[in-house]
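Q: Sequence:
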Amino acid sequence: MSKNPYTNAPPLKGPASAKSLADKEPLFGFLPRKVTSQQVQKAMKGDHNPFTKQPHTPQYKKILEVRKKLPVYAQMNEFLKMFSDNQVIVMVGETGSGKTTQIPQFVCFSDLPHTKGKMVACTQPRRVAAMSVAKRVADEMDVPLGKQVGYSIRFEDMTEPGTTFLKYMTDGMLLREAMNDPNLERYSTIILDEAHERTLATDILMGLLKSLAKRRTDLKIIVMSATLDALKFQKYFSLSQSGEPAPLLKVPGRSHPVEVFYTQEPEPDYVEAAIRTVLMIHRAEKPGDILLFLTGEEEIEDACRKIKLEADDSMNKDPGSVGPLVCIPLYSSLPPQQQQRIFDPPPPPRTPDGPPGRKVVISNNIAETSLTIDGIVYVVDPGFSKQKVYNSRIRVESLLVSPISKASAQQRAGRAGRTRPGKCFRLYTEKDFMKELEEQTHPEILRSNLANTVLELVKLGIQDLVRFDYVDAPAPETLMRALELLNYLAVLDDEGRLTPLGEVMAEFPLDPQMAKMLIVSPEFNCSNEILTIVAMLSVPNVWLRPPNQRREADAAKALLTVPDGDHLTLLNVYNSYVQNAHDRSWAWNNYLSQLALAQADNVRSQLERTMERYEIALVSTQDQRKLYMNVRQALVCGFFMQVAHKEGEKGAYLTVKDNQVVSLHPSCGLDTQPEWVIFNEFVLTTKPYIRTVTEIRPEWLLEFASNYYDLATFNAGETKRALQGVQNKRLRKVAGVEDANGKLERPSKQARKGQ
DNA sequence: GAGCACTGC
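So for the first sequence, the working numbering puts the first residue at -17; every next one is plus one.
Don't read these hints as lab results, they were simulated from the structure. Remember, it's a predicted structure, so these values are computed and weren't measured experimentally. It cannot be assumed that every hint is accurate.
Stated by the list, open to error - Below, a list of computed lysine to aspartate or glutamate pairs in the EDC-like style, where the Cα atoms sit at most 16 Å apart: (1) Lys16 to Glu47; (2) Lys288 to Asp251; (3) Lys441 to Asp414; (4) Lys232 to Glu60; (5) Lys370 to Glu179; (6) Lys715 to Glu677; (7) Lys368 to Glu279; (8) Lys117 to Glu142; (9) Lys711 to Glu663; (10) Lys51 to Glu167; (11) Lys100 to Glu179; (12) Lys232 to Glu76; (13) Lys628 to Asp653; (14) Lys632 to Glu700; (15) Lys100 to Asp29; (16) Lys288 to Glu254; (17) Lys441 to Asp475; (18) Lys628 to Asp583; (19) Lys441 to Glu379; (20) Lys217 to Asp451; (21) Lys639 to Asp653; (22) Lys441 to Glu663; (23) Lys290 to Glu254; (24) Lys214 to Glu159; (25) Lys368 to Asp356; (26) Lys16 to Glu76; (27) Lys214 to Glu176; (28) Lys628 to Glu677; (29) Lys43 to Glu60; (30) Lys370 to Glu663; (31) Lys441 to Glu485.
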């Protein structure tokens, strides 16, 4: 009251009064990791920032009052005691408990990282979360974002070395850091948040931290999770000899009750049932917005149209009792401006005293974790989502509509209770919920191609991949497949150690095939172009195709298409974008996503910086015909395991060695059906397709990937016969050379010879 | 002649 909060110098009244000591040294008497909640609360109450010693801004105390109401705040003492006594803690807290914002701050007060030149890290699975939580916590701690509190995500490091002591970051970013600093020396405490999501990066980090905890007994670890699968983490992090599980701190959530309804019988058509349920809610339930979960873009857009039609119809028939309804689709490939529509208020009644309007958001899983929509009172949950599955036999990741887990269903229901009590309509029976749904969604590590992960693990110094202490161990076959790929790419030697090439490859945030072709591309005088292609392949689809302008979009695409292959088309698109000065309207007029192109630009410069660091030259070839030839050869050096051979005349292709029957994807721009093609992606939709396809010559396979194209390892068949013919011709041509097999590790000489 | 669950480096 007596002090002007805007003054910089606090008035010092009595020379040695307790008050002035608290101002000058708010953390006086704090013993690292032995701090009590009384001490912390006293320091928080003071007029000066305990970490900067600056006077607090006026809003600080207002925010503090809000923080005090969070459930986790009441457990500060319990937490600090547990933090003092243990190296590893597991915490569970439902949404609204405040754990993500408060626990890292409690840790800072106890750990005092700034006094020892260390940091507290808190990981998040998503970039937006890392950014927005850091901003909130900076406000709460009354410091500018990027100073004492900061965040670190790909493309953006909002931290100040020497100043930042609380850092929010993506899990992938911490994993990257671990590759160059296996002991994570700069951190005194590491908090893994949202561990229940079981992202690949969080799973690997848990394994690393478990072993690091034994080497660095000074490192504290906190695993935070939303659901009740805490016991698994507690047992996993049981570090003591006695095998006692890590201690658990439970924090209650703060949300409103949600009443759950099930169907009496299983629904044969969940989309139809979902539409019916939404309309039923609209007619019969009190005001409040609806969230409907479906699986993909097409399903969502389709349902939107049908609901709109039916709702308009029913309002026109019965304007006295049915209000207007707006349908808002939500999925990530929507332009941001359209995604913003989910925050629009519901429509007003048609007449001043008519029935109120309602908003229904129809979303895929993005609304389950990544985005929260306030005002949702009703959730309609058909119980399905698209999930990634990995088939190690044919090395293909695909998306499959599958039943969700119980944990997912609970998360979805919870979306109805964020602002007031709500209702959740599950379009399956209670018996199915109890008996058929898995407890948890399978962790990503069990559903992915692990080529990249294995490369990361080897780079992290893990020698025995099979015996690495995974929270959930992947199938040995999946690991073998990954090792096989890395071996053919010459990333690993026969002892499973990184080759010098592998060392460099691991530095690139790319799949191994792409990293390989980028690194060898200077040998083909086209690293400038391969860099562009790699960047374009690393971002979402750049082609826009609005449903009512398909013909125009296809025509625009045809103008940019290079008939030799889709990879070269991507190169052409990027170059045209740059020639047109990165112009937004140029992109728009050509039915291209400016957002994706800008992202490609960003990725390209990041990769270029890494190339510079490892002195990988950026070179090009002037003659376009020669250039395209060189680019296609470089593609072979990375993607020789993704080749298909035309069989017969009907347009069927057979993938090399795996012998999968595939077709060229309709988006493919090739003007003929070449005998040999290299592809970026195998997609399994209505049938198996290969996407982003470029013509190659079979002799390049024998020349640049002789290990893989050792014909003795091929099953008899059309592909082998064709390759045999090419090989015989080559042998005749280079008569006098005893061994025509090139060395995979040294494509350079082979390549130069070919020019 | 068909997509594109979502993240992350």
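Q: Against each hint, give a clear statement of whether it holds in the structure.
A: Right, here's what the structure says about each hint:
Between Lys16 and Glu47, the direct Cα distance comes to roughly 25 Å. Violation of the 16 Å bound is thereby established for this hinted pair. Restraint check for Lys288 and Asp251: the C-alpha separation of about 15 Å stays at or below 16 Å, so the hint holds. For a cut-off of 16 Å, the pair hint linking Lys441 to Asp414 is broken: about 44 Å separates their Cα positions. A distance of roughly 10 Å separates the Cα atoms of Lys232 and Glu60; the hinted pair therefore holds under the 16 Å criterion.
Taking the CA atoms of Lys370 and Glu179, the gap is about 14 Å. The hint holds against a cut of 16 Å. Annotation: proposed proximity of Lys715 to Glu677 is violated, straight-line Cα distance about 23 Å (limit 16 Å). Note on Lys368 and Glu279: the hinted pairing holds, with a Cα-Cα distance of about 11 Å set against a maximum of 16 Å. A hinted pair counts as satisfied when its Cα atoms are at most 16 Å apart, and Lys117 with Glu142 qualifies at roughly 15 Å.
Straight-line distance between C-alpha atoms of Lys711 and Glu663 comes to about 31 Å, which puts the hinted pair past the 16 Å bound. This hinted pair does not check out: Lys51 and Glu167 have alpha carbons roughly 35 Å apart, beyond 16 Å. As the CA atoms of Lys100 and Glu179 are separated by approximately 28 Å, the hinted pair breaks the 16 Å bound. Restraint check for Lys232 and Glu76: the C-alpha separation of about 9 Å stays at or below 16 Å, so the hint holds.
At roughly 15 Å between alpha-carbon atoms, Lys628 and Asp653 fall within 16 Å of each other, so this suggested pair holds. Of the pairs offered as hints, the one joining Lys632 and Glu700 holds, with about 15 Å between alpha carbons and a cut-off of 16 Å not exceeded. Distance hint between Lys100 and Asp29 is unfulfilled; the C-alpha atoms sit about 26 Å from each other, more than 16 Å. For a cut-off of 16 Å, the pair hint linking Lys288 to Glu254 stands: about 10 Å separates their Cα positions.
Distance restraint check for Lys441 and Asp475: the Cα-Cα separation of roughly 13 Å lies within the 16 Å cut-off, and the hinted pair is therefore satisfied. At roughly 35 Å between alpha-carbon atoms, Lys628 and Asp583 are farther apart than 16 Å, so this suggested pair is violated. With a CA separation close to 24 Å, the supplied pair Lys441 and Glu379 exceeds the 16 Å bound. For the hint pairing Lys217 with Asp451, the CA-to-CA distance comes to about 13 Å; that is within 16 Å, so the pair holds.
Between Lys639 and Asp653, the direct Cα distance comes to roughly 26 Å. Violation of the 16 Å bound is thereby established for this hinted pair. At most 16 Å may separate the alpha-carbon atoms for a hinted pair to count; Lys441 and Glu663 exceed this at roughly 26 Å. Straight-line distance between C-alpha atoms of Lys290 and Glu254 comes to about 14 Å, which keeps the hinted pair within the 16 Å bound. Distance restraint check for Lys214 and Glu159: the Cα-Cα separation of roughly 26 Å exceeds the 16 Å cut-off, and the hinted pair is therefore not satisfied.
For the hint linking Lys368 to Asp356, the alpha-carbon distance of about 24 Å lies beyond 16 Å, and the restraint is violated. With a C-alpha separation of about 27 Å, the suggested pair Lys16 and Glu76 falls outside the 16 Å cut-off, and the hint is violated. Proposed proximity of Lys214 and Glu176 is supported: the alpha carbons are some 14 Å apart, at most 16 Å. Restraint check for Lys628 and Glu677: satisfied, since their Cα atoms lie roughly 11 Å apart, inside the 16 Å limit.
Under the criterion of a C-alpha separation no larger than 16 Å, the hint pairing Lys43 with Glu60 is inconsistent with the structure, at around 24 Å. The suggested pairing of Lys370 with Glu663 holds, with an alpha-carbon distance near 14 Å, which does not exceed 16 Å. At roughly 7 Å between alpha-carbon atoms, Lys441 and Glu485 fall within 16 Å of each other, so this suggested pair holds.
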